[in-house]
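Chains as they are written, first to last, in the numbering used here: chain A, 1 to 486; chain B, 487 to 712.
Treat the hints loosely; a few may be bogus.
In silico contact screen, one side only, chain B against chain A (beta carbon under 8 Å); selected entries [what the hints assert, rightly or not]:
no., residue
1, L506
2, E591
3, F627
Note that these hints are calculated values from the structure, not bench results.
No residue lacks a Cβ here, since even glycine has one placed at the ideal position from N, Cα and C.
Listed below are the residues making up each chain.
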Amino acid sequence: MPRRIRPGRLRRRLAIAYVLVAGISAGALALGSFLLVRHDRLSDSLSRAKDSVTFQLGTLAPNFLPLTEKNIEDLKTSFEHTDQHIVLVTRGDVVVPSNTSFDPPIPSGLQRLVQRGQIGYQRLQSGGHHLLIVGGKIPGSTDELYFLFVEDRNYRDLAQLRNVLLIGWVVVLLLAGVVGRSLAKRTLEPVAQASLAARSMAEGLLATRLPVEGQDEFGTWATSFNEMADALEAKITALSEAQARERRFTSDVAHELRTPLTALVGEASMLREHLDRMPAESRRPAELLIQDVTRLRRLVEELMEISRFDAGRETVQAEPVEVLPLVGAVLRARGWDGSVSVDGDGLVLSTDRRRLERIVANLVGNALEHGGRQVRVTVGRDGRGAFVEVNDAGPGIPREHIPHLFERFYKADPSRSGTGSGLGLAIAMENARLLGGDIAVRSEPGLGSQFRLILPVTESLPSGEGTVASDHDHGARGPRNQGGTG
Amino acid sequence: MDERVLLVEDDASIREIASLGLRDAGFRVTAALDGRDGLTRALHDPFDVIVLDVMLPSLDGFQVCREIRKQSRVPILMLTARTDTVDVVVGLESGADDYVTKPFEMPELVARVRAVLRRAQAIPEETTISVGQLEVDPTGFTARKDGKDLPLTATEFRLLLEMARRPGQVFTRELLLQRVWSYDYLGDSRLVDVAVQRLRAKLEDDPAHPSMIKTVRGVGYRLDRP
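Looking at chain A on its own, in the form it has when it is part of the complex (with noise of 0.2 Å):
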């Protein structure tokens, strides 16, 4: 059983990678230019904020010194109308605030650093706002003077570009995903067509081709997979032709021999009965021709019986059979029921009869000729169906020759020339197939030798009854299924 090959799962994996891809190096972009610009933003106002602070702390705050409340209130004051707020701290713990809606906590590393000496800063969130604190010592005093910046506009700007990115990175996702549902669907489709069509060689239609389109790596690899059908196709046609000359050439042969072998059969017939009135020299060799010929015709008989086989030209024509009897008038007819025993029951089948005769004589006469003693043919049914076994207590076959049994010309032993054609269990095989059924060997080197014919059970009928069918000429006539009732 091919695995079935289950579409679009490699088709999906593709276009998971091709979105994975796109969305990694999109948002690595996005990502990127959003930290510079804010980088370069938040830089650029820190710097200008540093500036302001060093004039304004360097050059302004001094005037306002000592701090008195007069000194405090005009600092407040000239920084009332500016968008620029402060806040002051006057020995350590007075705060003053210019504007009282921004009075954030001073953070007390930040204040730290400026009760060094230094000039600092920080960012934080105060009452809504984004606040960039700078602070320093007003020179010559110990009082710190700390610059509120308000960044919203900065950060609002900085949050619309975020979303704009994020956005953007989203819908390249969505159109990468899109887009690589249907480059994979596209790039994968000559795969599809690829396994359909190789799918449709093993079934048998061996013209099968695959478009070549294009000159990419598919087209080429349409290109040999056509070559590769190609040379197929060219290989099974000439080997089933050459087959059937073979079988043309054996079954032509068969029957070129058949007038030259009908004349040698009469005029051997005709020496026999003359034999006892040759001369006692010419006696012998007549005896070996008349031999040779049976030997001949049986050979060329068989080889015309399977080569009906190999053109499939054979058909049954099934009636209700009577198994028994017609084991017995097989054995009859051949000169053997003095060697062979029958048993069984009264059997009636379904069958084709001539079919039958012929299996049946095929495996007695290769147990009288392998067998040799005590050669018994029981008739009867089981589970599985009919059977007819023919039983002998001869030397036995050897294991590995049982499967080769049934092959055309096949000998146990090559040296034993034997009087059979090689043919017999070959031509008992096909029409027991022919009719359904089947032939089994069982072998006991030493004890002897089973054959057993099983054969469907279709049609049943105790013999010696029966309907009369007026309406119905039952004359076993036409190609019938082994089934048919008639």
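Knowing the structure of chain A, use the given hints to seat chain B on it.
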């Protein structure tokens, strides 16, 4: 004896050895080389039996057989190539009484020729048998239905006579082969089937639905009283 046999066979060797064998057995043999020649001889000279090869140049054995049957009831023995082709059935349907398969031994051919000859001989000691409207006269070798003569061949007549002797009894094919065709065993049951068909075609009002010769499935045939 001195019965006259016409042997129609195209192969020289087979023709010669068969002639020799039949002459040895006491027949007067005339040989014909092809179908046309055979047909001409068969229609012009009286023969007791015709041995006819199927594969013949100019006119094949089936055609020869059909042509002879239009004018004569002479027993015809076919020489066929194979037992299980349509050859046999076509041969029997074209009117042959029996067949011998090639290759054959001389005693076999002689025995078959004698058997068909025996069938054609009159049976003087019996009286006419009546089954319904059917009359079978063994002495005159004729059969009548409703007073009209039936054109039966020797084999068909013997078959009818055999069944008419015991109407209502079922005859197996084997029994009929033995009684009519003189086969002791392994006769070809198609001989019986085809002969019954031909007999029905001449006997029955509707051969497709026979009212006289009935098929007994799985067993054989029976002649019913009407």
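Checklist entry - For which of the previously enumerated hints does the structure constitute a violation, in increasing order of number? => result Violated hint: only 3; rest satisfied.
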